[in-house]
Structure formats: C-alpha cells, structure tokens
Amino acid sequence: QKEVEQNSGPLSVPEGAIASLNCTYSDRGSQSFFWYRQYSGKSPELIMFIYSNGDKEDGRFTAQLNKASQYVSLLIRDSQPSDSATYLCAVNGNDMRFGAGTRLTVKP
Amino acid sequence: KAGVTQTPRYLIKTRGQQVTLSCSPISGHRSVSWYQQTPGQGLQFLFEYFSETQRNKGNFPGRFSGRQFSNSRSEMNVSTLELGDSALYLCATRDSEAETQYFGPGTRLLVL
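Order-wise, the sequence lines are chains Y and E.
Mapping of the first sequence onto our numbering: residues 58 to 165, in sequence order.
Mapping of the second sequence onto our numbering: residues 3 to 114, in sequence order.
Only chain Y is shown next, with the shape it has when bound in the complex (with noise of 0.2 Å):
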C-alpha cells in the first residue's frame, strides 16, 4: 500500500463546475496536509495547507481534512481552465511524503 494514495485521473470538468481531488494516508501520525499544483513543465506550488480536522477555504479552494478516516481532499469552485494542472496531496509525517497526483482538466 502506498503510502498516500490519490487517484490518478485524469479528471475532466466544465468550466464553471465543482473539482474534488482526493487523498488517502496510510500514516496516522501525520501531522500537516498539503496541496500543491503543478503544470506541466514545472515546479510544484503551493496551495493550501490544513493541520486541524474541518475544513479551510482560501478563495475558490477548499481543503477538508477528516484525520480518523486519514482522508484529505481538495475542491475547486468555480473550476477555470487556468486551473488544469496536475495536484499533488503532499503528508508531512517524519518527512514529507507526496501523493502520485491526480491530473485535472477543465474543459472550456
């Protein structure tokens, strides 16, 4: 079992639609949670990042963190274009360990 688990996608939505991106850990000692983007060609950046269980917005973003089912995802509101790229969960137990990505599309 890899230790955190994204579903690869690709996902596909309308512009204007809702994007959820799921993360699953395997680490219940894992303290921090993070969202980065990546386009294709560079780095990743940063998102967001949730400690407590709940959720936290940032503008269009919303990260839910739910520690007893070691689950994290992302949603994207209001999905742009601009916004296809590949996320990556990232989980910061004794390192930081990073999800394999899901690629997201969104389709004018």
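It should be emphasised that the hints constitute simulated quantities derived from the structure, not laboratory data.
Accuracy of the hints is not assured; some may be wrong.
[Stated by the list, open to error] Not the full set, but computed from the structure, chain Y residues with beta-carbon under 10 Å of chain E:
| hint | residue |
| --- | --- |
| 1 | 86 |
| 2 | 89 |
| 3 | 91 |
| 4 | 95 |
| 5 | 99 |
| 6 | 118 |
| 7 | 151 |
| 8 | 155 |
| 9 | 158 |
[Stated by the list, open to error] With a cut-off of at most 20 Å between alpha-carbon atoms, the simulated SDA-like pairs for lysine to any residue come out as follows:
| hint | chain 1 | residue 1 | chain 2 | residue 2 |
| --- | --- | --- | --- | --- |
| 10 | Y | 99 | E | 107 |
| 11 | Y | 164 | Y | 60 |
| 12 | Y | 113 | Y | 79 |
| 13 | Y | 99 | E | 41 |
| 14 | Y | 99 | E | 90 |
| 15 | Y | 99 | E | 59 |
| 16 | Y | 99 | E | 8 |
| 17 | E | 59 | Y | 60 |
| 18 | Y | 124 | Y | 150 |
| 19 | Y | 99 | E | 7 |
| 20 | Y | 113 | E | 101 |
| 21 | Y | 99 | E | 42 |
| 22 | Y | 124 | Y | 60 |
| 23 | Y | 99 | E | 24 |
| 24 | Y | 99 | E | 102 |
| 25 | E | 59 | E | 77 |
| 26 | Y | 99 | E | 46 |
| 27 | Y | 99 | E | 28 |
| 28 | E | 59 | Y | 87 |
| 29 | Y | 99 | E | 11 |
| 30 | Y | 99 | Y | 67 |
| 31 | E | 15 | E | 39 |
| 32 | Y | 164 | Y | 140 |
| 33 | Y | 99 | Y | 141 |
| 34 | Y | 99 | E | 9 |
| 35 | Y | 99 | E | 39 |
| 36 | Y | 99 | Y | 157 |
| 37 | Y | 113 | E | 102 |
| 38 | Y | 99 | E | 110 |
Ideal placement from N, C-alpha and C gives every residue a C-beta, glycine not left out.
Fit chain E to the given chain Y structure using the hints.
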C-alpha cells in the same frame, strides 16, 4: 525575497558519469529537501538537510548523496549514473519554524 534557485536547469550525462546539482534556498530558509520526480514514480523524497546536517533520508541507494553549506546552499551528487536516474530533480526549502516548502524550478537530468 528571491525564490529558490537551482543550477543547472538542464543536464545531459552518459551512464557511469557523476553529476552535482546545486540549490540556493530562499533567504533565511535553513532547511533544504531534495526530491526526484519521474513519470512512473512521482515525487520521491531523497533527503533533507538542516544547518549542514542530514536530518532525514529517503529510500535511495548510496550513489545519491548531498551536503549543505554554512550559507544553507545545498548540493546533491549522483555517482555512477544509470539510465533510470533520468528525472526532474527538485529542491524545496522552508523556514525552520514552518512546514510549508517552496520548490525551485528543478534540474532536468537526462542520462544517455
């Protein structure tokens, strides 16, 4: 503040050679982590350095090594290159008090 810089950006080597990559962190960041990214394996943790000491190490062979200097700049070295070492090598730096990492642009290594 200037961002994380990595040099060189692109590199072509042949099997058996060795390579050294460099990472200069954001000013004030003392932690530098290195990652290897390939299409098949995704982003994999190599090691982390903090204040010139290796703090964590991922599951890579001893051919992969690194070091950090007193100005927090870090280098990683790969000896006896193999075709499978072709990848994007990313460094990420963070402030010692924060967990948020900021990535450099990466060095794309091609081994022929």
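Worksheet item: For this structure, which hints from the list above don't hold up?
Response: Going through the list in order, the structure violates hints 1, 6, 11, 15 and respects the others.
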